[in-house]
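Q: Here the protein sequences line up with chains V and S, keeping their order. All residue numbers for the first sequence refer to the numbering used here, where the first residue is 1153 and numbers rise by one. All residue numbers for the second sequence refer to the numbering used here, where the first residue is 78 and numbers rise by one.
These are computed hints drawn from the structure, not numbers from a lab. Beta carbons: idealized from backbone N, C-alpha and C, even for Gly. Accuracy of the hints is not assured; some may be wrong.
[Stated by the list, open to error] A few chain S residues facing chain V, derived, Cβ under 8 angstroms:
hint : residue
1    : P188
2    : A191
3    : I259
4    : V263
5    : N267
6    : A294
7    : P297
8    : V298
9    : A300
10   : V302
11   : A320
12   : V326
13   : L327
14   : L331
15   : G392
16   : P394
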Amino acid sequence: MSEQQPKRQDNSRVITRLLGSVMIMFAFGFALVPLYEKFCEVTGFNGRTSNTAATADASMQVDQSRVITVEFHTRVSRGVSWDFTSEVRSVRLHPGEVKIVNFYVENKTNRDVVAQALPSVAPGEASLYLNKTECFCFENQPLAAGERAVMPMQFYLDPDLPDHVHRLTLSYMMYDLTDQVRPRTASTNRSE
Amino acid sequence: MSTVVTDTHSAHDAHDHHDHKPTGIKRWLFTTNHKDIGTMYLWFSFIMFLVGGSMALMIRAELFQPGMQIVDPHFFNQMTTMHGVIMVFGAVMPAFVGLANWMIPLMIGAPDMALPRMNNWSFWILPFAFMIMLSSFFMPGGAPAFGWTFYAPLSTTYSTDSTALFVFSMHIMGMSSIMGAINVIVTIMNMRAPGMTYMKMPLFVWTWFITAFLLIAVMPVLAGVVTMVLTDKYFGTHFFDAAGGGDPVLFQHLFWFFGHPEVYIMILPSFGIVSAIIPAFARKPLFGYASMVYATASIAGLSFLVWAHHMFTTGMPTFASLFFMYMTMLIAVPTGVKVFNWVTTMWRGAMSFETPMLFAIAFVVLFTIGGLSGIMLAITPVDYQYHDTYFVVAHFHYVLVTGAVFSIMAAAYYWLPKWSGVMYDDFLSKLHFWSSLISVNILFFPMHFVGLAGMPRRIPDYALQFADINAIVSIGGFLFGFSQLIFLAVVVKAAMKKGEPAPAKPWEGAEGLEWTVPSPAPYHTFDVPPQVK
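Just chain V, with the same shape it has in the complex (with noise of 0.2 angstroms):
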């Protein structure tokens, strides 16, 4: 028995290592999330742009010896029958130069909604550089049944965006957020 006695202690040794390491596992599972998104806040890696307004800066220098296509894309999430659209396919600009794009949208049902749209850059690493001074999409949108509104949205492509990047897709997803959040009450960035 006098064997036995240091094995035991040994067992208990090595059994509360392996279940604090699936301890670790787990929450790292979770810490993931987290990290994730820093990752991709830091490299553009998932294609998400900011959701704040960026201000322009005065100091900033257009630079007149690159042009660059952006190309708009419009979706609505799935069984939303809205109509969402952008008054042009593409804008073709020098980084540093401030453009604005009108999106419609359309409500064509016959209920109230609330709807946000999700920015998507591609290719992600160019999401870093696109800066937005106005967008719809930093709040949602109340739209009454059958409602039509005009969003503007400026923008500028920073004047560091990287060399081979000559094109690039910025694309908007629109879902219903109407169940689960209460509308805005009044309405700052919406023009009839």
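Mind docking chain S on chain V? Use the hints.
A: For chain S alone, kept in the frame of chain V given last:
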């Protein structure tokens, strides 16, 4: 030191007689004996193999002709999903745990697993996990239909309520695997016979030791992912929902962070089995034992750095694609070392071709084919063509069926005399081998071609030009499926003790402690630890 141990044990034996065990159902419900638990694991996995196999036959019957004949598309999706889940978590993994339970204590000279009560628990929660999973077929909307990979949003936004049952049974399976892994690690670290140093352990023990660490590392991540799916679906979280600030691609990263080590969990013990069988029938010691250990460890290490090769088409930056491509190709190096060592072990050996050896050689050849198509899939630019086609299906069935499953069958034939005490029916076993070998290639090899031609996976209907090859594949599928009934007959016959009595060491060239105990192995073995030189 060993004499002290011997004395205590013989005193112990005197008042607690050998082979004393409860009878009937209680023996199996309350058993803490590693051999009983191993047997239950193996039978359970065989039953699950037949259940998952019948689902595969349902899939192949529908795909025999283009157009919809037998099942509706939603049921077809349930079949592909449940076939994958059952084969991975119900057939292959429990089979390896069963082999570990039976063989690891015998191979390292231990009287039992280190944690016998937990061992009982880890087995007995498994049938409940699969009862929960399979009962979802009777729910409105049927069983899960989102693929065994349960990608969000298929499993969150677009799934039925069977998702909840799926998640809970995954939790239970995960707990079972984690407990099994803890048991294996503690047993190997603390229960080795005197003189059994780490570098003297048989490779099956080594590969399972490494596999157990992989399980500890990734099963908790899987538990986390299924939990996130559950809360996304039912509790309003937005881990994977873009509308709420989440990211569906994150699901794929988390899933494959688990999923890629998981595929090595399903193949590393196979390497151990084949490394035991080939030297036995080539009558030569294994070539490059140490390099086998290091190769296994490096495969396990690399498995954490390759997960995104499942996701090349999600639009990753070029740098990330290249990183994962090169890392994946790097795995071919340690795997190549292994294949080289097996072939070199056979080189100029006095080979004989008993059924375990036939399965082991088929493993080496066919697993290598699966490995080569894996390297093709690792090449990012061509993966855009292969992604989600039957080429992928062909690849992972070569590594999982002719890899993992063939090695399990090799193991079953190799150790069946030790388990049952009788030799298996040689004619039936050869018939099983040859019919499986031929039909499995009719089944999976043509899939490469339809895959390259662009036939997508998980689709119940297909374009007319794929009709002939699919008919051939389906015929192969039915032949392979029914060939396994021969295996069932062989095992049942041996379990009923019908056959020639087996000697303690039925294979002339076999090495290892398991052959020093009589056949069938007594209920309690190595009460007195053997001295390993």
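Q: Now, for every hint given, state plainly whether the structure supports it.
A: Going down the list of hints, with the structure as the test:
Proximity of P188 of chain S to chain V is violated relative to the hint, the smallest CB-CB distance being about 12 angstroms (cut-off 8 angstroms). Because the smallest distance between the Cβ of A191 of chain S and any Cβ of chain V comes to about 6 angstroms, under 8 angstroms, the interface hint for this residue holds. At a threshold of 8 angstroms, the smallest CB-CB gap from I259 of chain S to chain V is about 5 angstroms, leaving the interface hint in force. Restraint check, V263 of chain S versus chain V: the minimum CB separation of about 5 angstroms is within 8 angstroms; hint holds.
Given hint, N267 of chain S at the interface with chain V, holds; its Cβ is 5 angstroms from that chain's nearest Cβ, closer than 8 angstroms. About 6 angstroms separates the beta-carbon of A294 of chain S from the nearest beta-carbon of chain V, less than 8 angstroms, and the hint is met. Annotation: interface hint on P297 of chain S holds; nearest CB of chain V at approximately 4 angstroms, less than 8 angstroms. For V298 of chain S, the interface hint holds, since its Cβ comes within 8 angstroms of a Cβ in chain V; the closest pair sits about 4 angstroms apart.
For the restraint placing A300 of chain S at the interface with chain V, the shortest Cβ-Cβ distance is roughly 6 angstroms, inside the 8 angstroms limit, so the hint holds. The criterion of a C-beta within 8 angstroms of any C-beta in chain V is met by V302 of chain S, whose closest approach is roughly 6 angstroms, and the hint holds. Nearest Cβ of chain V to the Cβ of A320 of chain S: about 4 angstroms, under the 8 angstroms cut. The hint holds. Restraint check, V326 of chain S versus chain V: the minimum CB separation of about 6 angstroms is within 8 angstroms; hint holds.
Proximity of L327 of chain S to chain V holds as hinted, the smallest CB-CB distance being about 5 angstroms (cut-off 8 angstroms). Because the beta carbon of L331 of chain S sits about 6 angstroms from the nearest beta carbon in chain V, less than 8 angstroms, this interface hint is met. For G392 of chain S, the suggested interface contact is upheld, since its CB lies about 6 angstroms from the closest CB of chain V, less than 8 angstroms. For P394 of chain S, the shortest C-beta to C-beta distance to chain V is roughly 6 angstroms, which falls under 8 angstroms, so the interface hint holds.
Comparing the model with each numbered hint stated earlier shows that hint 1 is the single one that does not hold.
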